[in-house]
Amino acid sequence: MTRCPFCKGRIEQRRIEHVHRWKGELYLLKNVPAEVCTQCGEVFFGPDALKAMDRVVDKKARPEGHRSVPVFSL
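With the numbering used here applied, the sequence shown covers 19 to 92.
In case anyone wonders, no lab produced these hints; they're calculated from the structure.
Glycine is no exception: its CB is placed at the ideal position from the N, C-alpha and C atoms.
One or more of the hints may lead you astray.
Stated by the list, open to error - With a straight-line Cα cutoff of 25 Å, these simulated DSS-like cross-link-like pairs (lysine-lysine) come out:
#1 K41 / K26
#2 K41 / K69
#3 K78 / K26
#4 K78 / K48
#5 K77 / K48
#6 K77 / K26
Said to hold, decoys possible - Estimated spans, in silico, between C-beta atoms of each pair:
#7 W40 / V89: 16 to 26 Å
#8 R80 / C58: 19 to 29 Å
#9 K78 / P51: 18 to 28 Å
#10 R80 / R33: 28 to 38 Å
#11 P23 / S91: 28 to 38 Å
#12 P23 / D66: 12 to 22 Å
#13 R21 / V87: 10 to 20 Å
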């Protein structure tokens, strides 16, 4: 993909941090390969990246660390 289907901006390959939901839990995944629109910031994942994210969190691999996340109600 070279252009964003939403805004027609340019797409570039990046490694990003991604918050991933799996079975009611939240996980922060680092160094995830993605295609990112340089104009609107929309993120696209390929099938291999999606499968790898699900595989990592489903196996409950030992995480590199933990982060605290603030929670707010609106």
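Each hint tested on the structure:
{"no.": "1", "hint": "K41 / K26", "result": "33 Å, violated"}
{"no.": "2", "hint": "K41 / K69", "result": "15 Å, holds"}
{"no.": "3", "hint": "K78 / K26", "result": "38 Å, violated"}
{"no.": "4", "hint": "K78 / K48", "result": "15 Å, holds"}
{"no.": "5", "hint": "K77 / K48", "result": "17 Å, holds"}
{"no.": "6", "hint": "K77 / K26", "result": "37 Å, violated"}
{"no.": "7", "hint": "W40 / V89: 16 to 26 Å", "result": "18 Å, holds"}
{"no.": "8", "hint": "R80 / C58: 19 to 29 Å", "result": "36 Å, violated"}
{"no.": "9", "hint": "K78 / P51: 18 to 28 Å", "result": "22 Å, holds"}
{"no.": "10", "hint": "R80 / R33: 28 to 38 Å", "result": "21 Å, violated"}
{"no.": "11", "hint": "P23 / S91: 28 to 38 Å", "result": "34 Å, holds"}
{"no.": "12", "hint": "P23 / D66: 12 to 22 Å", "result": "20 Å, holds"}
{"no.": "13", "hint": "R21 / V87: 10 to 20 Å", "result": "34 Å, violated"}
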